[in-house]
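Peer 1: Could you put the whole structure together from the sequences, leaning on the hints where they help?
So the protein sequences, as listed, match chains A and B.
Its first residue numbered 1, the first sequence is counted upward by one per residue in this note's numbering.
Its first residue numbered 1, the second sequence is counted upward by one per residue in this note's numbering.
Just so you know, the hints here were simulated from the structure itself, not pulled from any lab data.
Quick caveat, the model's predicted, so the values are computed rather than measured.
Given that identical chains are not distinguished, each listed pair holds provided it fits within a single copy or across any two copies.
Heads up, simulated DSBU-like pairs for lysine-lysine below, C-alpha to C-alpha not over 30 Å straight-line:
1. Lys118 x Lys45
2. Lys65 x Lys98
3. Lys98 x Lys161
4. Lys45 x Lys161
5. Lys31 x Lys118
6. Lys118 x Lys98
7. Lys98 x Lys8
2 protein chains.
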Amino acid sequence: MPWFEDIKIGSRLELGSHTFTAEEIIAYARKYDPQYFHVDEEAAKAGPFGGLTASGWHTSATWMKLMIATRQDAKEPPDADGRVPPSGGPSPGFLDMKWPVPVRPGDTISYSSEVIEKIDMKTRPEWGIVRSRNIGVNQRGETVLSFIGQGLVQRRQARQK
Amino acid sequence: MPWFEDIKIGSRLELGSHTFTAEEIIAYARKYDPQYFHVDEEAAKAGPFGGLTASGWHTSATWMKLMIATRQDAKEPPDADGRVPPSGGPSPGFLDMKWPVPVRPGDTISYSSEVIEKIDMKTRPEWGIVRSRNIGVNQRGETVLSFIGQGLVQRRQARQK
Numbered sequence: 001m002p003w004f005e006d007i008k009i010g011s012r013l014e015l016g017s018h019t020f021t022a023e024e025i026i027a028y029a030r031k032y033d034p035q036y037f038h039v040d041e042e043a044a045k046a047g048p049f050g051g052l053t054a055s056g057w058h059t060s061a062t063w064m065k066l067m068i069a070t071r072q073d074a075k076e077p078p079d080a081d082g083r084v085p086p087s088g089g090p091s092p093g094f095l096d097m098k099w100p101v102p103v104r105p106g107d108t109i110s111y112s113s114e115v116i117e118k119i120d121m122k123t124r125p126e127w128g129i130v131r132s133r134n135i136g137v138n139q140r141g142e143t144v145l146s147f148i149g150q151g152l153v154q155r156r157q158a159r160q161k
Numbered sequence: 001m002p003w004f005e006d007i008k009i010g011s012r013l014e015l016g017s018h019t020f021t022a023e024e025i026i027a028y029a030r031k032y033d034p035q036y037f038h039v040d041e042e043a044a045k046a047g048p049f050g051g052l053t054a055s056g057w058h059t060s061a062t063w064m065k066l067m068i069a070t071r072q073d074a075k076e077p078p079d080a081d082g083r084v085p086p087s088g089g090p091s092p093g094f095l096d097m098k099w100p101v102p103v104r105p106g107d108t109i110s111y112s113s114e115v116i117e118k119i120d121m122k123t124r125p126e127w128g129i130v131r132s133r134n135i136g137v138n139q140r141g142e143t144v145l146s147f148i149g150q151g152l153v154q155r156r157q158a159r160q161k
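Peer 2: Below, the structure is given as structure tokens:
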């Protein structure tokens with residue numbers, strides 16, 4: 001990660017894409033979300049979407065996976081003073097998760113993340129919160145996932161209280 | 001599930017509990033959230049929580065797993081008219097996911113769900129949206145997860161437009 005001070009509102013990361021197979025959809029859902037329209041191709045045909053669809057929790061966790069892979073691809077160089085920029089910090093949670101269109105077997109979802117807010121923290125002067133709008137779009141250009149993510153990022157210099 | 005008409009605001013489900021092991025925390029995070037404080041017990045000691053913690057996505061997916069198991073435990077009997085109450089429908093997403101306290105190896109999280117709102121849908125007169133406040137509490141009584149969930153539930157009778 002860059003230091004908190006170096007993150008720009010409006011900056012955007014392309015996180016890459018993932019193609020969801022029926023096998024993977026069923027395997028995730030069997031473990032965490034075993035509703036018939038996520039685990040049973042035959043029964044799902046009579047279900048709310050007329051076929052198998054991925055658990056929204058699976059679509060969302062895949063965003064996380066690609067975000068971490070992208071961050072690791074983009075290791076920052078040391079600062080002029082030789083300090084190594086931080087790895088990402090924890091998240092206090094996120095806002096407004098939407099799954100407006102189902103993800104079906106064979107769909108390829110492309111994920112991206114845009115910084116929308118930077119927040120100073122009262123309790124942790126050495127960190128800030130970065131908010132981002134994250135979306136996943138399928139091969140037809142339909143948004144299948146959107147949410148506002150939050151992550152703590154270390155500051156180069158602690159904020160003066 | 002009960003029919004939409006039969007769901008009462010204020011009704012509460014205990015979803016049971018789950019004990020998170022280090023092995024399981026690491027296995028989930030390796031696949032979906034491989035940050036060092038979720039996958040490496042040694043490195044995590046120098047991290048933001050001083051030790052290994054579960055990915056919030058893992059804590060959240062475990063809520064889903066227990067919710068489905070609870071619903072299947074509580075199959076409704078047929079109505080007086082012989083109709084079988086519906087299985088749960090899909091979710092349009094959820095609101096305000098908070099992970100205020102980390103989940104560590106050995107923690108036992110107890111989950112519950114309380115109905116807080118019922119929403120008529122303009123576009124789908126045969127369904128309604130049920131909103132619930134969901135929480136996960138550890139063995140010390142600390143809330144480790146809270147969010148507002150949403151799910152579509154079938155109506156016994158379609159709403160008149």
